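As you go down the protein sequences, you meet chains A and B in turn.
All the letters of the first sequence, read from the start, carry residue numbers 1 to 336 under my numbering.
All the letters of the second sequence, read from the start, carry residue numbers 1 to 336 under my numbering.
To be clear, the hints were calculated from the coordinates, so they are not data collected in a lab.
There may be inaccurate statements among the hints.
What the hints assert, rightly or not - Calculated from the model, a selection of chain B residues having no Cβ within reach of chain A, i.e. all distances over 12 angstroms: (1) Val29; (2) Thr99; (3) Asp114; (4) Gly275.
What the hints assert, rightly or not - Label-pair distances were calculated between CB atoms; the ranges are: (5) A:Ser320 with B:Pro62: 37 to 45 angstroms; (6) A:Gly56 with B:Thr69: 34 to 42 angstroms; (7) B:Met61 with A:Gly275: 52 to 60 angstroms; (8) A:Asn247 with B:Lys57: 21 to 29 angstroms; (9) B:Pro225 with A:Gly6: 45 to 53 angstroms; (10) B:Thr69 with A:Gly166: 33 to 41 angstroms; (11) A:Gly197 with B:His333: 39 to 47 angstroms; (12) B:Asp322 with A:Gly318: 23 to 31 angstroms; (13) B:Arg14 with A:Met246: 55 to 63 angstroms.
Keep in mind that this is a model prediction, so the values were computed, not measured.
Beta carbons: idealized from backbone N, C-alpha and C, even for Gly.
There are 2 protein chains.
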Amino acid sequence: MAFVTGSPEIRTERPLFCSILANTLLSVVPGISGAGPSPEKTLLTPILDAELIACGKISSMPMRPDTPTGCPTPASITRAIMELCGLSPLFINGGLAHTPTVPCLDTYGSPGEDPRFRDAVPAAGALFRKGRSIGMFLGNVSDLLVLGEWVPGGTTTSLCILRGLGYDALVSSSYVRNPVRMKEEVWGIVERRLREGGYRAPLDIVRCCGDPMIPIAAGIAATYPGSVILAGGTQMLSVAALLKGMNLPVPFVATTCYVRDDPSANFAEVAGMIGSPVSYVDPGFGELGHSGLARYCIGEVKEGMGAGGAMLLAWLMGHSPDTIRNRILHTVHGYA
Amino acid sequence: MAFVTGSPEIRTERPLFCSILANTLLSVVPGISGAGPSPEKTLLTPILDAELIACGKISSMPMRPDTPTGCPTPASITRAIMELCGLSPLFINGGLAHTPTVPCLDTYGSPGEDPRFRDAVPAAGALFRKGRSIGMFLGNVSDLLVLGEWVPGGTTTSLCILRGLGYDALVSSSYVRNPVRMKEEVWGIVERRLREGGYRAPLDIVRCCGDPMIPIAAGIAATYPGSVILAGGTQMLSVAALLKGMNLPVPFVATTCYVRDDPSANFAEVAGMIGSPVSYVDPGFGELGHSGLARYCIGEVKEGMGAGGAMLLAWLMGHSPDTIRNRILHTVHGYA
Chain A
1 MAFVTGSPEI RTERPLFCSI LANTLLSVVP GISGAGPSPE KTLLTPILDA ELIACGKISS
61 MPMRPDTPTG CPTPASITRA IMELCGLSPL FINGGLAHTP TVPCLDTYGS PGEDPRFRDA
121 VPAAGALFRK GRSIGMFLGN VSDLLVLGEW VPGGTTTSLC ILRGLGYDAL VSSSYVRNPV
181 RMKEEVWGIV ERRLREGGYR APLDIVRCCG DPMIPIAAGI AATYPGSVIL AGGTQMLSVA
241 ALLKGMNLPV PFVATTCYVR DDPSANFAEV AGMIGSPVSY VDPGFGELGH SGLARYCIGE
301 VKEGMGAGGA MLLAWLMGHS PDTIRNRILH TVHGYA
Chain B
1 MAFVTGSPEI RTERPLFCSI LANTLLSVVP GISGAGPSPE KTLLTPILDA ELIACGKISS
61 MPMRPDTPTG CPTPASITRA IMELCGLSPL FINGGLAHTP TVPCLDTYGS PGEDPRFRDA
121 VPAAGALFRK GRSIGMFLGN VSDLLVLGEW VPGGTTTSLC ILRGLGYDAL VSSSYVRNPV
181 RMKEEVWGIV ERRLREGGYR APLDIVRCCG DPMIPIAAGI AATYPGSVIL AGGTQMLSVA
241 ALLKGMNLPV PFVATTCYVR DDPSANFAEV AGMIGSPVSY VDPGFGELGH SGLARYCIGE
301 VKEGMGAGGA MLLAWLMGHS PDTIRNRILH TVHGYA
């Protein structure tokens, strides 16, 4: 398989990798998110993974950057790429339940509420405007923006956003067995709220049932003057769909082949409906001799913290697939 | 008078203007700081001025960006320069009592405590390390860093740091009449705490009696790979003195002629002792026909939010003194 399918034609001299960290209280509902050792601890995962990427290890808490099955967090992939490319990532705090341990560009938002019971992102409009101002700043200091996200539970909010905007979407999951029934139950309740509340405008739908990452990412993409690559799976499709709903240009999306190949989702189909060009990265984790990375191939984790887009960035910067794979393996072995 | 005295030899293609916002609880002691309509409200001034620079106006609270005497905040000078140069500033939250209204790169610090009674910056070491990581990130995205600060009450903490590090300093003030006696009283108490607590290492002295801006600015300057200009008055001399005390290179400092000419301070002398090269900007505010700006010449405000360094940056980017002055006048008239 080719390392990259559908590569964008982008030259860059000043690339920047950013990741938006946020929480939705949906992630503490048991069974919704696999991004943490317990539902309550999913709220901490973005903070710990940012610390891993920024510092090379997690020292603030006694946690390991693996799933219980030994699958390395996608943040370790992003860390490996930052080291390989000599880049310092920028983290954006879009609304977290706990205080980050590394500096973040903070929007001073709040975690998303549970969209079954109340408006999930009351400040959606303000967050979009803050995203716009961040996009202008980032455009001052870079010519290519690879924009990732880390929102445990975010595939469920993205399901609601995509459906709410009229797309017949099935979203992916960090679990091998996608908890489709639970997500559909959430959507069933949210659909009624959307209908009865008369939410129509795209940002109103985000207010009703999204998470804080979505309006911030859309605001950044709306004003960033260079090339933007939304780095993520179905969650970034909800950002692209929001932009399209607002009659704004739809950016490039980059993700892993593991998201594309998820039989419980329909990523490529929805991307086609939105009109997002997509780049898929196939890092060939099955042939590296690492049992944890090989689990990505059977559908565990799949993506996160912009790992797919980060690998694409390394490739755009001229690193060979072998160099990229070896660096990831080296980084992941460092935690063993 | 020349617009710039002692200009650095710097060429820049990717300049970045940053300002570190922080509080010290010293500013709520009546009479210490003139940076706000009341002692309690000095805690809000950095947030309001950041909003003014980022948004062009203050809409979050019914406050005017002037002193009670009609002297425009130095933030309006910085705003004018950002517009003139087409730059988006980056604000760093070094530890504020209230939540900012615009996005900030947040170090997740706390306001400095009153150094008369307890350690002012218990996290000084951690903030220095966070500054180091921010400096590396900023070096990824720029080649010249103009680093300002906004810490109401910060001339008093800087007095303590400079004296604690062995410099016979007299510091400046935003008041026309520098409250020298009050500052000396603070120093008298702090001196005893320093002596009795056995504080020796430079970062320990900051922990005892500094404010959060000082270790963050020093950490940034320690790792930033391009040219750094510390934009500020005596407060930036305390950062330079800390760096020198840690055997790290001493950066360039830029400030206004109003700080140099403050007869209650000895800025140039202390800069010479530290070994900081200094650039002084004389914007000639007395000849612009604006009574509020003219008050800078009689010693009110003098400097703040990196205004001196911002004017130097515009000049380094090729803007003429007349263009710079006219832009400032235009911006200040916009609030009238």
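Do the hints match the structure? See the list:
1. No Cβ of chain A approaches the Cβ of Val29 of chain B within 12 angstroms, the least distance being about 28 angstroms, so the stated non-interface status holds.
2. Not every beta carbon of chain A lies more than 12 angstroms from that of Thr99 of chain B, the smallest distance being close to 5 angstroms; the non-interface claim is violated.
3. With a closest Cβ-Cβ approach of about 23 angstroms to chain A, Asp114 of chain B is found to remain outside the 12 angstroms limit, as its non-interface label requires.
4. Every CB of chain A lies more than 12 angstroms from the CB of Gly275 of chain B, the least distance being 29 angstroms, so the non-interface label holds.
5. In this structure the hint that Ser320 of chain A and Pro62 of chain B lie 37 to 45 angstroms apart at CB is violated, the actual value being about 60 angstroms.
6. At about 52 angstroms, the beta-carbon gap between Gly56 of chain A and Thr69 of chain B misses the expected band of 34 to 42 angstroms.
7. In this structure the supplied range 52 to 60 angstroms is violated for Met61 of chain B paired with Gly275 of chain A, their Cβ-Cβ distance being about 42 angstroms.
8. Between Asn247 of chain A and Lys57 of chain B the beta carbons are some 28 angstroms apart, a value that agrees with the proposed interval 21 to 29 angstroms.
9. For Pro225 of chain B paired with Gly6 of chain A, a C-beta distance near 35 angstroms fails the hint of 45 to 53 angstroms.
10. Between Thr69 of chain B and Gly166 of chain A the CB atoms are about 58 angstroms apart, so this pair departs from the stated range of 33 to 41 angstroms.
11. For the pair Gly197 of chain A and His333 of chain B, the supplied restraint of 39 to 47 angstroms holds, since their beta-carbon distance comes to about 46 angstroms.
12. Under the hint 23 to 31 angstroms, the C-beta atoms of Asp322 of chain B and Gly318 of chain A, about 46 angstroms apart, miss the expected range.
13. Roughly 31 angstroms separates the CB atoms of Arg14 of chain B and Met246 of chain A, a value that falls outside the hinted 55 to 63 angstroms.
The structure shown violates the earlier hints numbered 2, 5, 6, 7, 9, 10, 12, 13.
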